[in-house]
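A.B. asks: Build the complex from these two chains, which are given one at a time in their own frames, with help from the hints.
Chains as they are written, first to last, in numbering that gives the first Met the number 0: chain P, 0 to 349; chain V, 0 to 1194.
Keep in mind that the hints are not guaranteed to be accurate.
[Stated by the list, open to error] Straight-line alpha carbon distances no greater than 35 Å define the calculated DSBU-like cross-link-like pairs of lysine-lysine that follow:
#1 P:K202 with V:K1036
#2 V:K822 with V:K301
#3 P:K138 with V:K1140
#4 P:K117 with P:K138
#5 P:K329 with P:K104
#6 V:K1140 with P:K329
#7 P:K104 with V:K334
#8 V:K1140 with P:K28
#9 P:K28 with V:K822
#10 V:K822 with P:K216
#11 P:K196 with P:K259
[Stated by the list, open to error] Now the in silico label distances, taken between C-beta atoms and shown as ranges:
#12 V:E149 with P:R26: 41 to 51 Å
#13 P:Q34 with V:G122: 28 to 38 Å
#14 V:Q131 with P:Q34: 39 to 49 Å
#15 P:P159 with V:A103: 40 to 50 Å
Keep in mind that the hints were calculated from the coordinates and are not lab data. Note that the Cβ used here is the ideal one computed from N, Cα and C, for glycine as well.
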Amino acid sequence: MPSNTASSSSAPAGSADSSASRTKSKRPKYSKFTQQELPACKPILTPGWVILTFLVISVIFIPLGVVSLFASQDVVEIVDRYDNDCVPTPARANKVAYIQGVSDKSCNRTLVVPKKMKQPIYVYYQLENFYQNHRRYVKSRSDSQLRSVKDENQIDACKPEDDVNGRPIVPCGLIAWSLFNDTYALSKNNQPLTVNKRGIAWKSDREHKFGKNVFPKNFQEGNITGGGRLDANKSLSEQEDLIVWMRTAALPTFRKLYGKIESDLEKGDTIHVTLLNNYNTYSFDGKKKLVLSTTSWLGGKNDFLGIAYLTVGGICFFLALVFTIMYLVKPRRLGDPTYLSWNRVPGGGR
Amino acid sequence: MAGERRHKGMRLSKLYSFKCLKPFSKEDHSQIGSRGYSRVVFCNDPDNPEALQLNYRGNYVSTTKYTAANFIPKSLFEQFRRVANIYFLVVAFVSFSPLAPYTAPSVLAPLLFVIGATMVKEGVEDLRRRRQDVEANNRRVLVLSKNNGEFSKTKWKNLRVGDLVKVHKDEYFPADLLLLSSSYEDGVCYVETMNLDGETNLKLKHALEITSAEESSIESFRGGVIKCEDPNEHLYSFVGTLHYQGQQYPLSPQQMLLRDSKLRNTDYIVGVVVFTGHDTKVMQNATDPPSKRSKIERKMDKIVYILFSILIVIAFTGSAFFGIITRRDITDDGKKLRRWYLRPDKTTVFYDPKRAVLASFFHFLTALMLYGYLIPISLYVSIEVVKVLQSIFINQDQEMYHEETDRPARARTSNLNEELGQVDTILSDKTGTLTCNSMEFVKCSISGTAYGRGMTEVELALRKQKGMTMTTSQDDEIKANPTKSVKGFNFWDERIVDGQWINQPNAELIQKFFRVLAICHTAIPDVDGESGEISYEAESPDEAAFVIASRELGFEFFARSQTHISLHEIDHMTGEKVDRVYELLHVLEFSSSRKRMSVIVRNPENRLLLLSKGADSVMFERLAKHGRQFERETKEHIKRYAEAGLRTLVIAYREVDEEEYRMWEEEFLNAKTLVTEDRDALIDAAADKIERDLILLGSTAVEDKLQKGVPDCIEKLSQAGVKIWVLTGDKTETAINIGYACSLLREGMEKILITLDSPDIETLEKQGDKDAVAKASFQSIKKQLREGMSQTAVATNDEANENPEMFGLVIDGKSLTFALDKKLEKEFLELASRCGSVICCRSSPKQKALVTRLVKSGTGRTTLAIGDGANDVGMLQEADIGVGISGAEGMQAVMASDFAIAQFRYLERLLLVHGHWCYRRIAMMICYFFYKNLAFGFTLFWYEAYASFSGKPAYNDWYMSCYNVFFTSLPVIALGVFDQDVSARLCLKYPLLYQEGVQNILFSWERILGWMLNGIISSMIIFFLAINTLASQAFRKDGQVVDYSVLGVTMYSSVVWTVNCQMAISINYFTWIQHCFIWGSIGVWYLFLVIYGSLPPTFSTTAYQVFVETSAPSPICWLTLVLVTFSALLPYFTYRAFQIKFRPMYHDIIVEQRRTERFESGTRTTSALSGELPVQVEFTLHHLKANLSRRDSWN
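Okay, chain V solo, but in the shape it has when bound (with noise of 0.2 Å):
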């Protein structure tokens, strides 16, 4: 710690004048020690016999969802909240009793094994919470220690309120802390607090004077109290008194460093710790983002049920015969027993005909569980198996990696995969998003002269789409191409670069321009020591990349003190380097409302200088008289930029006399020190008198460049019929451009602008009446979706089969606000589902939310949200699907999202080829364990027609319970996780396939009634095929006949063999994982046959050597199985070639058609070139659109 010190003379509360030093409200204060406000902490004295009497918790924390005490009756709980595990868990009590068809073990067994694995799984993810609690646990930190009065190192979990802590720089505050003094001289530190709230500019801290002030005294810090607020989850508020020396201080969250933030760029900080482990702001935030149900997931329920149903309905129809049968057992007269082998006279409840009526209630409860097997137990844990093991590979696509941020694509929540393969519409935020939210200084007016050579994006897209070919247009704007490439600058221009400017005409105008952007920001420089390069950290990349490219242009900024900025410039006189510095008197931040931001400095030439920068909006009403010169160029200009895409900034100053610069000082240092509730308004007030008159230089123009492969990802996902909206704070003119930039609007489309930028409502602004206004915009937006609705109607009437895609609708925020009221939501809704894109502007995160829900229920349709920022998290958290791009903007976005994807053009690839293959193989899946369970089941209600309903099942006890878990269910999950229809590079290259999903072709309930109406018929087949040939005659050499076991055994192998092999003839992949599964699937049940007839016959009754002596000597048994396993699959097989020759789907089409043209080519070269769609497709593209379009109306 030697070598720490202070950093003499550094006042950095100075620069920040408006956060520093926030007043308080009196009111807050004046509730401290009532209810909510009853924390008590003694400073650096945890050992107070007060202290130790709150007994506050602990800093340790636990994120863990159960404990090792409450592991097990917790997370059974969970298991049973499920309808059909409680099912089972009845059945499995129900079965020890007289009425079971089986024995319990081995009703219990699967049961088990399913509540097992789940369990097994919860864990394992609850250990892994556990792991990293331990290491947060772990850490350390250094804390004073009372004894010596030094700092120790000690684990953070032993951390107690009061504790005195030290944090060095980039560490993480253990606890909540009150800030007490830093490496600075007056307090003042920077956080980062991107896990907070992902944002990652850094936020100014600021002790209290009275703590600061003392560093020596920091050991002696005793009898401090703090009297604050109790726990709350509230991030941005905090509400104390510091009680100390017998003075009382307010604090305010200005002092407090909360848990999980960061700090930088300061050496060290120490603070009190106030709040500790759970008790801490980040830790009662941490609510369980809500947890969203896939659409199938949900269809499924329903078709449980529906099984629910049928069970019911069999259970009640054998039940009632049952009861028939067994009432004329015995005559009326009880004298004459028919079936007297079953002892009617001398019976229990379950078979008495005399009470047939209750006899026939308990069988519908033993038939409910004999047809148990038609609820597929081990559904929901296959599907969660299988939902984890997707995820795997997303995660680990490589195509979604990406190489500069070290960021592979990750799956947050696994339960959404399929619902990835049905994304109507994509919810779209823009900064950061769509573009890469990092700014480049690409173009500049100066004095009325337009700089800057460098074409942005967006203009090469226009004039791409255009036709137009770049190099042959215009010749002076050729793609910049600066010899190095400076990250943030991407400016290029013959006269100004590399000195150049000092031969320009207009050379002192331009060196104003330059100084400004050199001197008025808060950013710092950090020089590096060994290269002498300069990096800079600043609040927002705008302001970075001005800095930067007034260093490349000369104008380097390389120190800043207190007072001080100092720059080495050019001089233009005579062109040689030399350093000024320039005193910093007064900073006036940028804020939001005030859209501009400026710095007093007095130049080594000791003239008072006011540098300005701002929005043009607020800046061209402060120009001075004589300071509009270039006022109407520079308008021509700024508006050509912002058709370019750009963000624009108009660059100003004045000089200001000494005499005025003290009568203003004074006021605004006066408003600065006040402490009332209108100080900001003041401050503002004061700031306002000073900036005016300005002086016009120039603007500037800021490109955030688009992401790489944007226009070609939308481009993609609009063919795959998927509508993209874009939610966006810019301005409209910026955001429609960014529209056709990215393919989202294009040539030929017509625009429907909906805006309130009309002279009448401005003037019914003016007057200020806002009912009136309201009202005006109201009918205003109302007859703009009219008009807007008519025109698109015309068209769609007109041409039916025309593209419906040819309009795109632009509205802006204020009107969207009136666009989403109760009364006009379904006719914006109707006219935006008519329109290809939709671009909403100047929306705000509340907006962006609101329309995601608008959406999502106005449609019924699956939607997807996609955003970097924390003002996107309501939007991602409305959504169906959130997806958080793990960009500049901090992890919140990715925090409150289901799936996080570095870069936006991944999400071609997560939702044409993992979205899509997810969605087949869940929806495959679900049919065919369906499709499995009511084939296995069924043979059980046939046979029990056979056996007068009795409830003897056809099969053994063991046999049945291994069904679901071992003879079937590995193929299925080989299913789920590994099927493709067509392989990831055709499901891109045919985005159209994606409609699958879309439309729910796959899980539609004619498909679903298929699966199980085949199902049924399979077990049609099995059944009568297997009992009529295998009747009452002899089925070997030898004489004998065929018993029970033997009819089960031959029907229970044809159930496993036809099931396994309708797994086999219905994928479309297969490879050796498949061919194992299914195969070895079969093999096992031969396996388990073998080993289960060896044991003694007391444990396998029926089953005992069955196979080895009975029925694998029989080849009648053989040409039964084959001729059974080949009927049942002919159904399924017929249907399947008729479908393909009449009724192909689209993946079949596309399947055939790469086999013909590699077929018909013969050489791979030619055939993987040839693949544009061919003109039916193109049809087809054109039909399907028309369909969507039609069936939006409808809704």
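The shape of chain P in the complex, shown without the other chains (with noise of 0.2 Å):
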């Protein structure tokens, strides 16, 4: 029979396609998220949306301001700064020279308590112009080599300060070469004030960066000597002075701790400070301050973050305020096309 020569069927593909449809169909599968149908909020910035949360912001921003404020000047601070006064007139010339000479660098400072100041008193000194920050300053320390005996020769990163003739320096590096080692003696009515040195520093400092069986070796031997010296009998980790220093700050203007001051202080009390003017601060035209200073809830006394506050939430204050008189003045009908950006500016947004 010549009628089955050409047996395939007339919709030979689609026959063939819908067949296997049944089984099989190519059809997307619904669900909401791949047809792009997900429930969801669509926020719209409209006038009263605007000035609602403009003066929702002005009404947390305000308050917050002030509480702020007022802790920050609730906090008693007295600031002496004393790198100029502390060198001899004569000296004065060449402060350098002073600092780096072997005379006597002591140097009396009186201050007067200009307000009742409570325990705890925190003692600081304030450095400025000084770059604790420095690539590589913060980079010349040895943590490893702090933390353990172990590790005392994992000095690479310190160089110069990192050996004397072949024995490692224990800490070593700038940052510890560099130890701060003014030093302050108070005395209120002729009475010494103690400062108490002990928990200046960071807990975990103490107790997990610095070991408690590592201990200062060949430490300011080498043949400059930078700043303070360590008592090669106590370790690390009690050593707070050094444990403070080398948490080092993040701008060129900071303050330390020195110590606490454990009692009341009263208004018109005057403390007498003894100290030991050691540390060069000269050479690169940076002050030393001497700090006293309370807490409050927010910490020290600093105006900057309640004024900031209060002017974001003034600002947005007047913002609502601007958007409400428009909003009443010229009230635009939403939805009106006629402010169209590319309306107004022929062939805008090319």
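C.D. replies: Structure follows, in structure tokens:
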């Protein structure tokens, strides 16, 4: 029979496909996710919302600013810059020579308490124009060496204060080497005022970063002495001055805790400070200040936070006002397209 | 194999007199053996030592980009072709030197992560390709085994050159084969080459007589040697010779069966493997399609360069300061040290005051690394991830799934998603794209009487545009409603259907008419064994429509044999069904140059008939004097049909007397057996001799139906300001009417027709002076263009705000040739861009591509080409985006396209919804990326100013390296994948929204720079507020002061909060995913901080316990965070508030509008309905269009 010659169907692809599709259709599966129809919140900046947002921000920020400002105002702070005054007048022409010389560096300062200061009163030294955040400086330390005796030879990062005649320096590096070494002895009304120097470093630093059985070795024995010396018989974890110093500051102006006074100071009290002006800030024009400060829940005295909150709150309030006025004076019908950006600027948006 | 047997007496080769036994060009064959023609195939003798020596490749095919061995080096190489990645690689290398501000692992980690992620993606894609290869390589095929002389199954990959294989019906050919014999006695077979060229019609292949004749000797077909050309990529050429039994037989493409094509309609074939594996023509053809990059991505590169410049500028600034400061560290005499604590006297070259210039140069390198965070390392990989996910959404869209063909939309490349949102001009094919490309017989004109009551869609649309309702207009032309719907048949006329034609006065002519339709074709009937229904396998859908029509009207063609065609017919005298058998003598095939086809048959009454059908242009001139009885009416009808968008063919016949036939046949057969080059011309001439003195019967009209939803889609797209050009091969009248039908042309639109059909040119053409014709044509086109310009110019000047779309340009192919001339293309383009729609008729595939290129390069705007056939491939590849319709005409267009959809109407959703969203998402995403990196990077710079530019970063190394990867990346990806300004429904409802992409509003330089500025402002706010609140005073009640680590953590937290909240206030669409990612990223940061902080201090360094012990218990840290975050967001928020108030964007308005509507109406039901554009929006539309036209005229 010739008729079975071309026995293929007339709709070849279609019928084969459609019979297959009964079992396996390529129809995409429906889900809200695949069809991009997930329930969603679509925020719209209507004038109402704008005004409300601004108002809410200002309502939150202004009180916060006031509270912060009060907290800052509560703090009593005595700041005494002594770097200049503690250099004897004849030596002021060449302060660097004076500080590097061997003459007596002691110096007496008198501070008057302006307001009652409740204990604890924190004693800080403040340095300015000192770049503890310099890359060379920051890197010049060995954390592993500070932590355990075994690693005392890990001094690669510490150059040039890494070793003395081949013996490793502990603690090595520029940071430790340039340890601040001015000292303050305080007295109130001729009675010595105890400055507690314990517990001024971070607990985690004392316990984990600085080893209990790591003792200073070969420290400040190179040909140039940088800053303070360390008691070779005290383990590093007890050398809190060092620990505080080695927690590098973020900015070139910084304070570091020197100690705590654990008694109240009354208004008008006179405090005599006998200090040893050892540390050289003169060669880089750095200032040195002694700071006595109480704290509030926010910390020390700084009005900036409060003012900033008030400013931002104020701006928001102002903006809320502006929008309200605009809304009242010249309301735009919502969804009115005559404002369309490309309508106003011919050929805009190119 | 017992069931297989050859079809005795079936010699289809006789049916196809032109195609079979084509002559061979002698020149080519003389080259065999020389260079390029050196292949030798030993048939059925692969173990022949000579064959082994040749060592041709196996049939193993690998399309993968990588192999297991070269994956790592090759994909790495690919990765580092990106500038940004090279930069990061260099940084990573330098990070091992003391120059580095960070530790090396913290630099390497994100780079490895990003590179790794991209490589994994590449790997997965390649694995998928590999799996396909394995599947193909392991398919089975029957191979003649040498041992027992029987066919046995083998894997494709084991096939060798010279093997004899047997392929069964509907199987793919495993390699390029030389056809030896088939189940048909004369060795023909049908092949479907859809995978090669996309054509669905079956191609006829024909074995050599010598091989096909002796079926039984196949097993012994040994010793045959094929000498042929080397592997090449030409699909339609093959040069070779078969040496067999001492004789030489020339081979041609007629004998070649190409890999990846399919055997159809033939039970089996036997062939010998000639080319294997990568030598096959299809593999030689496999070239990567031109890779396209989106405009946004190209612009993004520019932005990356800007960032690089910013990077260099700030690095340079820092280095200059650093050099100055460092130089001062030691006095000139070298005695006095300024910053003694840095030991400037005993330092390395990087800090040496005595070599400050060198130090600052090295510092410059350090700074380049330090501020490297300005360059978003993860941008590229994020964008890639996002685009892939976007593509998945496109593929998953149910609204773009076509039920009938079971085809969802497919994004074949993912890197053009956002380009979809910027399309300015659409260039569309007509047949198969706007129309279904399935022909329906709707009307006919027989002996001067028009039959067929059905209304075409074009007519319906035209009428609708004129505002007439179709029921009242004309009672007799009601919409046809046949009782049963038959594919390809939409004809209804009570005078003819159901055998009623026998009562017509001209019944005899009607009978003749349908007999012609039933006999004059090359279709093959296929009788369903059970139901007895007959379907047809035809070469073209037109032909199928004719056979079906004649079947429906009582002339059922049910069997074809070698020499006979059998019909069930209704006898017009008795009205009874009778079987009639016509002896088929010759078929004079259709060709594009002949534009007609004829058959010569002997009818049962033993009379010779020539039945003919063809285009009106060739048929009318062939009519006999006495055959022109109905010429006037028929011509009139043809004109009407063309206007109704129908394709027409003229039907005619003549009786041939025996004597004439005998003489002619002799001549014809002589011509046929000739083996010279002018054989075709001689056959044509011979055919021409008998195809004359015809008697006109009438004409047919076949409708190529418009696809569903095309007019609406075009309407929407033009509302969206997208210009649509239709490039078609159709006649001008047909094209214009289709233009009206799919609302491309509208009533009241002024048509500008550019054509060369003027009497002057025709007379010139008749004289035959080609130069003169060309010159005159050029002048004529030039004049017509000028006129068109002045026409449009007057209109635009007079009424500036009038709709610029009142012009429609129609140009035909001949004119297009001249209009595309270098000298005229500018004017042509300008005229075209002033018109709302453009139709190019009678254009060739090449012209389509040229027009596309002209539009693309001339306007510099995004073009989208859409088409379905192989003839659209050039256009698709030329355009910025190619969209293929996966329709009837095969896969060629789809293979060349970037996106494939099943129906034209899905284009609306693809562009207006997905395009708009993707554009918006990618634009937003890139802007945001730059914002977040600038906001972060610049805090580092400000900090440097407070660290004497020494190159110390403000943060711990690991915080920074996680920034782009963990703390900020997921929200951006969520933005890129999920964000939507308005819902899909609104996108479609307000098509004008699409202009945001076309005018590139969301990725304009103002916007990009605005976001960058926002980043810099944010960084300033973050930094300066943070350092002032956390200055030198105690930051906790216990008197502790802020150190490097605390400031770093607080600032970094602020940055993370700020950029993530910025994301939260700038996106428009909040689902649980967004919440999850945004707040999750912030959460991850704190989680990271806790975990990292609890690692031993040697590893965590400055981050050790910093959060838990130090900063979390401090209220001022939290207060700072709140202050900084809100302040940093305030500028943007205020800007947005003002913008929405004074210069809202279109989507803002839409969103607001929806909201107020819902608010005012209270109930959802009314608000959903009351969505018509308000008057203002109409105005806007006008404004916008005016702008568009103004901008166009500047170009």
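A.B. asks: Decide, hint by hint, whether the structure agrees.
C.D. replies: For each hint, the structure was consulted:
1. For the hint pairing P:K202 with V:K1036, the CA-to-CA distance comes to about 15 Å; that is within 35 Å, so the pair holds.
2. Among the hinted pairs, V:K822 with V:K301 is consistent with the structure: their alpha-carbon atoms are about 33 Å apart, no more than 35 Å.
3. This hinted pair does not check out: P:K138 and V:K1140 have alpha carbons roughly 52 Å apart, beyond 35 Å.
4. The straight-line distance between the Cα atoms of P:K117 and P:K138 is roughly 39 Å, outside the 35 Å bound, and the hint therefore fails.
5. Proposed proximity of P:K329 and P:K104 is contradicted: the alpha carbons are some 73 Å apart, above 35 Å.
6. Only pairs whose Cα atoms come within 35 Å are accepted, and V:K1140 paired with P:K329 is accepted, the gap being roughly 10 Å.
7. Simply put, P:K104 and V:K334 have alpha-carbon atoms about 23 Å apart, close enough for the 35 Å limit, and the pair holds.
8. Using a Cα cut-off of 35 Å, the hinted pair V:K1140 and P:K28 is violated, with the two alpha carbons roughly 42 Å apart.
9. A hinted pair counts as satisfied when its Cα atoms are at most 35 Å apart, and P:K28 with V:K822 does not qualify at roughly 54 Å.
10. The hinted pair formed by V:K822 and P:K216 fails the criterion: a straight-line CA distance of about 90 Å is larger than 35 Å.
11. Taken as a hint, the P:K196 and P:K259 pair is honoured in the structure, with Cα atoms around 6 Å apart against an allowance of 35 Å.
12. Look at V:E149 against P:R26: about 45 Å separates their beta carbons, and that is inside 41 to 51 Å.
13. At about 30 Å, the CB distance of P:Q34 to V:G122 agrees with the hint of 28 to 38 Å.
14. At roughly 29 Å, the beta carbons of V:Q131 and P:Q34 sit outside the given window of 39 to 49 Å.
15. About 23 Å separates the C-beta atoms of P:P159 and V:A103, a value inconsistent with the hinted range of 40 to 50 Å.
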